[in-house]
Amino acid sequence: QLYHVTTDNRFPYWVYGAQQESGSVATLSRSDFGEITFRDWRLPGIFEYGAVAVDPLDPNILYGAWLTRTKQDMSEYAQVAPEPIRRGEYRYVRTLPVVFSPLEPHTLYFAANVLFKTSDAGNSWQVISPDLTRESYEVPPNLGVFAASDPEKGKHRGVIYAVAPSFKEANTIWAGTDDGLIHITRDGAKSWQNVTPSGLNPWSKVSIIEASHFEAGTAYAAINSFRLDDLRAHIYRTRDFGKTWEEITKGIPDGGASNVVREDPERKGLLFAGTEGSVYVSLDDGDDWQPLELNLPHTSMRDLAVHGDDLIVATHGRSFWILDDITPLRQWNADMAKESAYLFLPGTAIRFRWNRNPDTPLPPEFPAGKNPPDGAIIDYYLASPSRKPVTIEVLDGQNHLVRRYSSADKPEPMEKIAREHAIPMYWVRPTEIPSAAAGMHRFVWDMHYPPPEALAHEFPISAIYHDTPKYPLGAWALPGNYTVKLTVEGKTYTQPLVVKMDPRITTSLSDLQKQFGMESSAVDGMNQSYEALAQVRSVRAQLKELAAKAGKGSLAEAIAALDKQAAELEGAAQASFYGLPPRGKQRENFSTLNQHFASMLAVADSADASPTTQAKTVSAELRTALESLLSGWKNAKEQVIPALNKQLKGAGLSEVETSKPPSESPSADPDAGDRP
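Numbers 1 to 676, taken from the UniProt record's numbering, label the letters of the sequence shown in order.
Derived by calculation from the structure, the hints in this document are not laboratory data. Note that this is a predicted model, so its numbers are computed, not measured. By construction, the Cβ of each residue, glycine as well, lies at the ideal position given by its N, Cα and C atoms. There's no promise every hint is true.
Claimed, not checked - Derived DSS-like pairs: lysine-lysine, alpha-carbon spacing no greater than 25 Å straight-line:
hint	residue 1	residue 2
1	Lys544	Lys637
2	Lys544	Lys388
3	Lys117	Lys168
To be verified - Computed Cβ-Cβ distance ranges for the label pairs, DEER-style:
hint	residue 1	residue 2	range
4	Asp335	Ser75	49 to 55 Å
5	Arg39	Gly199	14 to 20 Å
6	Glu266	Leu401	30 to 36 Å
Build out the structure end to end from the sequences listed, making use of the hints.
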């Protein structure tokens, strides 16, 4: 049961919150190990129920009610509360605001029934407000027996429950209480004005105040009135520093008291609200709301936060949830609905490795959160189903095609995967295929070029439940500028796409280009060796049939001679561990070359770095061997096979066709499919 949520400014960012009866928790928003597990959780030592504030200048430092300063790397929890010993001078509840000024990163606010301020990491504090709560009020009749039996006790005074420093003016601060008051200061807390909306009553809790990121005079307040047996949502908006307020809840149904309202820091007028049952979104500054539940559980939504392009929600009973990439909401407008199709401008794509775990996977029964998509997120809208295949193409900065996908693509049958790979089928990542159906669609480009033609494929042992791609993948796309092209019913839509490296990677672009060069060379070597191998195997299959008809003599000898040459070119895939030869260095053939180029692709892909000297040496040796074999095969196709075809024609037999496709695609073990 999480009360609040906040994030830090690291990459990947951490999500923090305090839980009822379970202490506090910090978890990564994205794991290096493919899924978010116990490896990615921490105990930040914040008091349960409380808020968490991350030092904007040092994400290692956290502050939390009641007031502790946590040094995360050392698990040090310093007590820095304004009142070291609670002696009754101030009033507190379990959930109190702790928040940094967005404009003065050294300034931290903490609230009881007054507002405290520190500028030296909690080593000293100032009281900067009077008691901002109601002096007295009548106990609501719905308190029933409690009100009748002890009315004076029911009149206990409240606390400041919400604090919102302005994003535009350093001296402007909003404060809301759990007994239904809102105050503002515009002179750095020298004076405070009561700007409470007329609709607020005692026991109406100001759950959250959100200062606008765009206008100093604009703020939003979420009011929770469940203690008054009022389960309706109450959200207010002011645009004149609290002089007037409007209640803005159109579209939010009754039955779910409001807990939180947040403004998107990127798009003015884009608001999010959380109630006791769901999350809602407004595209028009709160005038109209619509559900944003998607796959969220129906539970209490206690707090929301926007970090970059993500929306995070803290729930009671169902942990944290993250909605990845809200850029379509930031771009959506009514005119788009009039279009037959629309391609949204993608957010910046981060080149992030899907899984850095080098070892065996966790069993699927281990609790795990899902990582965000490891690729470029491409969102598009179709007003109606497309009668023709929908295609998505990615072009590089020189307008060269990098990758193409179509709604007509077919996924690899699971039966085939199960037959060829001795793995649990729950490892397998579903094939990404664009949709041609009406509605909003999300497609993820994995930021790789097309995969090479390989004799052998595998699913790595460091597997992730339903998210393990089949290897080998193609070369990594370099960071830079790309174009996404969507084609629907013959009409093309384009948007620019920016790809950036994982910011933790400091490798230069020059070295990344060298890595890309080796990967591309390996992919090209695999494709050429695979194509040649397919031709060689096709020719050998034809020669086998012809040999049975040729009898004995010069024709049979010519067939045997060509078959011997082709057999040497074909070779055999190496079955030893990691594809290494069981004895000394052997002559290359098309089968071993395909394997060895695949190994070099894996070597180049092992880290985002310039290839090693020895890797460059081996890559060059493989390229030389490939050119030699291709030259020999070219000679066979241009000299030997035409000469043989003359003999075959004279004998009334069919000629050898080098372009005839083989009966089955080449594989490392052609007979594997015959085994039970």
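- Message: Taking the earlier hints as the rules, which of them does this structure contradict?
- Response: 2 and 5
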